[in-house]
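Heads up: the protein sequence lines correspond to chains A and B, in order. Here the working numbering runs 732 ahead of the position in the first sequence, where the first position is 1. Here the working numbering runs 132 ahead of the position in the second sequence, where the first position is 1.
Because the hints were derived from the structure by calculation, they are not lab data. Careful, some of the hints might be misleading.
So, partial list: chain A residues that the calculated Cβ filter (under 8 Å) puts toward chain B [to be verified]:
hint, residue
1, Asn-860
2, Lys-954
3, Lys-957
4, Lys-958
Cβ-Cβ distance ranges computed for the label pairs, FRET-style [unchecked claim]:
hint, chain 1, residue 1, chain 2, residue 2, range
5, B, Asp-194, A, Gln-1026, 29 to 35 Å
6, B, Glu-145, A, Lys-1028, 39 to 45 Å
7, A, Gly-854, B, Val-204, 45 to 51 Å
Here a beta-carbon is modelled for each residue, glycine too, at the ideal position from N, C-alpha and C.
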Amino acid sequence: MDETTFRILGTLSRELGKSFSINELTNKISTLYGTAYYKNIYDKIAELKNQKIISLIKTGKSKIIELNLDNDLCIYSLAEMELLQAKKLLEKQEFGNLINEINIYFRKGHSAIDSISLISAGKNIKLNKAEFLFVLTENKDEENIMVKSEINSIYSLMEVISKNLNVKTEFLILEEKEFTEIASSDEENHLNSMLYDKIVIRGQLEFWTIIAEILNKGHRIKLSKKETDINKLDKKEILFNLQRFGYTEIGANTKETEKISIENIVTATLINKNVRHIEAIPVLLAKSLSQKKQRKVSYNLLIYLCQKYAQLEKLMGLLEELQKILPTKETEYALKVLQTLKIKPKKADEKAIMEKMRLYNAV
Amino acid sequence: MPFENKRLLDFLEEIDKILSQKIIITAVGGTAMTLLNLKTSTIDIDFEVSDADEKILKKALDELKPGFRVDVFSDGMIFSQLLPKDFRKKAITIKAKFKNIELLALHPIDIVASKIGRLNARDEQDIQSCIEKFKLKKTQIQKRARQVQYVGYEQVYKSNAKRVLKKFFK
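In isolation and in its complexed conformation, chain B is listed as follows (with noise of 0.2 Å):
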C-alpha cells in the first residue's frame, strides 16, 4: 500500500484534528523521504517522537485505528540506531496548515546513518537517492555514521558504512 505526498498529509490532518495539544513529529525512513520528495511513495509510514509526545500519539492513531500500520520511534532510537542529539534541530521543516502538529522530516544525512544498520537493497537505493540529490559528501557520512550508536553488533554498522562509502564514492 504505497503512500505518496499527499496521503501522507492527508492522514495526519486527521491526527492534527484530534490532538489537544502539541506535538513534534519526526518523519523518518521512507516517509521522510516522500515528503522530501527523494521518492515517490513509501510503503510504511514511519514516525518519530519524543518520549512526552509518544503516548499523545499513540492514544491518537488508537482512537483512529487506521487501516495501515504505523510505527512510532521514540527519543532518537529508530530502527536499530540511536541518531546523535541534535537530529532533530537538523531535520527539515514540512510546510503544513496544522493547528496541533509541527511536522519535520529526517535530515537527509540521517536517513542515510539510519538506513546503515540494515542496509538491504532498497535500503541501499535510498541512500543513493538521498546522497545524489542531496549532493551528500562522503566526510559528511563518515563523519555522522560515526556519531550513530548502534544496538546489535557495532562492528556490522561499521562494515556496512564502509560498504556505502565504497560503493557510492569512487
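Next comes chain A alone, as it looks inside the complex (with noise of 0.2 Å):
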C-alpha cells in the first residue's frame, strides 16, 4: 500500500461517518501525519474512487468523500492499512515487546477474540501503560460459556504480561453485540474516543468487517479526539443523566445536557462521593437491565472504567446488594469477574439502597 493511501484511509477511519471535501481531508492528513499535498491526494482519490474503495458524492460545487464500506475491497484496504500501522509500530523498540507478547500469548486457541487493538499507543507507553480493546465474537449460545471462559483467560493472561513486562496494563472486553450497541450509541461514551486513536494489532479484517455492519445499517459511529475525562463531568451533566436513567430528585432543577453512558455516569457518580447518588446506582442499573427503549448497561464497560478510575470496591459493595434484592444473570457474571480481579467489596448500605429501589419502581 502506497504512503498516500495509507495516509488517506488512515484519516478516513479516524472519522467514520463524516464526510470531507478533498481540500478538508488534505488538512486533516497534514495535521495528522505532518504533511499533505493535495495534487497527490487528489489523484489519489480518483484512483480509490475508480476501484470503488472510497464514493465521491456531489454537493454543490464541491464533491464530499466518503468511505465505500459496502464494498469488500474497502473493507479488505482498512485491514491492509491497520496491519501496515501495526508493522510501523513493531519497528518501534519501545513497542516491539509488548505486540510479541501480545501474539506470543494470545496466537492460538482463543478462537472467541474476533480483534485486539492497542489504545493511543504513544501516549500511554510514555506513562509506562498499554490500553487495548478486545472485541469478542458473537456467541449464540444462551449460557455463553465460551465467550466467559474467554474473558477469565484474558483477565489472567494479561495480569502474566503486565507482570512480563512490568507495565501497567488496561483493558476493555467487549462483545461484539455490546461493542455493536455502544459504538453507535449517540451517547458519548468512552468507546468512541478509544476508537478515535486505536491500531488494530490482530484481527485486522474482522474489526473492520463488524464496522462496516454497524454502518451499513444506518447506524452512525460518533468518534471522539478528546478522551473521556470523567472526573471533569458537570454537575448538570450528572444529574440530568442520572434522571435519563431513572432517578430524579425533588427539588433538582434540571436542564438538559448532552446525552452521556450510563457507564460513565455511574463511574462519575462514584467518584464524586455523592452518598445520595451512590445509593441510587443500583436503581439505575436494574432498571437498565429490565428496560427495552434504551441499551442495557455493559458491565465489561462498568468494570473497565471503574478499574481505570479505582472505583471497583464500590462498585462491588453495591452489586452484591444488587445481586441479593434483584437477581440477574448480568449482575453475577459482573460479581464473577470482580472475583477473579480478587476485588475486596465495600460494604454499601443494603436498607438505604432497598428504600432506593422501592421509591423508584426499581423492584
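Take the two lone chains, each set in its own frame, and fit them into one complex as the hints suggest.
Rendered as C-alpha cells:
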C-alpha cells in the first residue's frame, strides 16, 4: 500500500460517518501526519474512487468523500492499512516487546477473540501503560460459556503480560453485540474516544467487517478525538443523565445537557462521593437491565471504567446488594469478574439501597 | 523499570500537555542524575516542587495515572533532608520544549547532601559519580552538609557525612 493511500484511509478511519471535501481531507492528513500535498491526494482519490474503495458525492460545487464500506475491497484495504500501522509500531523498539507478548499469548486457542486493538499507543507508552480493546465474537449459545471462559482467560493472561513487561495494562473487553451497541450509541461514551486513536494489532479484517456492518445498517459512529475525562463531568450533566436513567431528586432543576452513557455516569457518581447518588446506582442498573427502549448497561465497560478510576471496591459492594434484592444473570457475571480480579467489596448500605429501589419502582 | 533521559522527558511532556498553569519541577535523586547524564537511567522518579505547585502536579499525575511510581517532595524536604533555601537557585536548568514546566535538576552538591542521610550502597555509588564528574571538593561537601537539616537522629547524618568525606577524599 503506498503512503498516500495509507494516510487517506488512516484519516478517514478516524472520522467514520463524516464526509470531507478533498481540501478538508488534505488539511486533516496534514494535521495527523505532518505533511499533505493536495495534488497527490486528489490523484489518489480518483484512483480509489475507480476501485470503489471510496465514493465521491457531488454536493453543490464540491465533491464529498466517503468510505465505501459496502464494498469488500474497501474493508480489505482498511484492514491492510491497520496491518501496516501495526507493522510500523513493531519497528519501534518500545512497542516491539509489547506486541510480541500479545502475539505469544493470544496467537492460538482464543477463537472467541475477534480483534485486539492497542489504544493511544504513543501517549500511553510514555506513561508506561498499555491500553487494549478486545472484541469477542458473538456467541449464539445462551449461556455464553465460550465467551465467559475467554474473558477469564484474558484477565489472567493480561496479568502475566503486565508482570513480564513491568507495564501497567488496562483493557476493555466487549462482546460483539455490546461493541456494536455502544459504538453506534448517540451518547458520549468511552469507547468512541478509544476508537479514534487505535491500532488494530490482531484481527484487522474482523474489526473492519464489524464496523462496516454497523454503518451499513444505517447507524452512525460518533468518534471523539478528546478522551472522555469522567473526573471532569459537570454536576448538571450528571443530574440530567441520572434523571434520564430513572433517578430524579425532588426540587432538582435539571436542564437538558449532553447525553452521556450510563457507564460514564455511574463511574462519575462513584468518584463524586455523593452518598445519595451512589445509593441510587443500583436503581439505575436495575432499570437499565429490565427496560428495552435504551441500551442495557455494559458491565464489561463499567468494570473497565471503575478499574481505570479506582472505584471497583465501591462498585462491587453496590452490585452485591443489587444481586440480593434483584438477582440477574448479568449482575452475577459482573460479580464473578470482580472476584476474578480479587476485589474486596466496600460494604454498601443495604437498607438505604432497598428503600431507594422501592421508592423508584426498581423492585 | 529503568528510566533513561528520553523516557523521563517524554513522560514530562505528557504532564506538560495537561497543565493549565506554569510550574517549576526540580528533579532530585536518580532522576536528577539521569537528566544531568551522571547516570544512564534511574529506577525511581523523584520530583520536588513548591508547596503551591504540589497540588497542581499531583492533580496532573492523578489524571494521567502513569504505570510507575512518582514520588513528589515539596519545599526542599527531600527524602529525610531539608535542603538549604537556595537549592533551587543552585539547581541546573534542563533545556526542554515544555510550555508549562520549568525543569530543573538538583545540583550535584545537593544530590550528595540529600543522599548522605540514608547512605546505602547505591547512594555511595551515586555520590562517587557526582564527586568525580562534577569535580566536587571536600570543603564544598562539608559546608553544604552543615547547612542541611536532617529529620532523624542528627548524629547519624553527621557520622555518614564524615564517612563520605573519608571514603572519597584521601
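Hint check results:
no. : hint                                : verdict
1   : Asn-860                             : 4 Å, holds
2   : Lys-954                             : 24 Å, violated
3   : Lys-957                             : 14 Å, violated
4   : Lys-958                             : 12 Å, violated
5   : B:Asp-194 to A:Gln-1026: 29 to 35 Å : 32 Å, holds
6   : B:Glu-145 to A:Lys-1028: 39 to 45 Å : 40 Å, holds
7   : A:Gly-854 to B:Val-204: 45 to 51 Å  : 25 Å, violated
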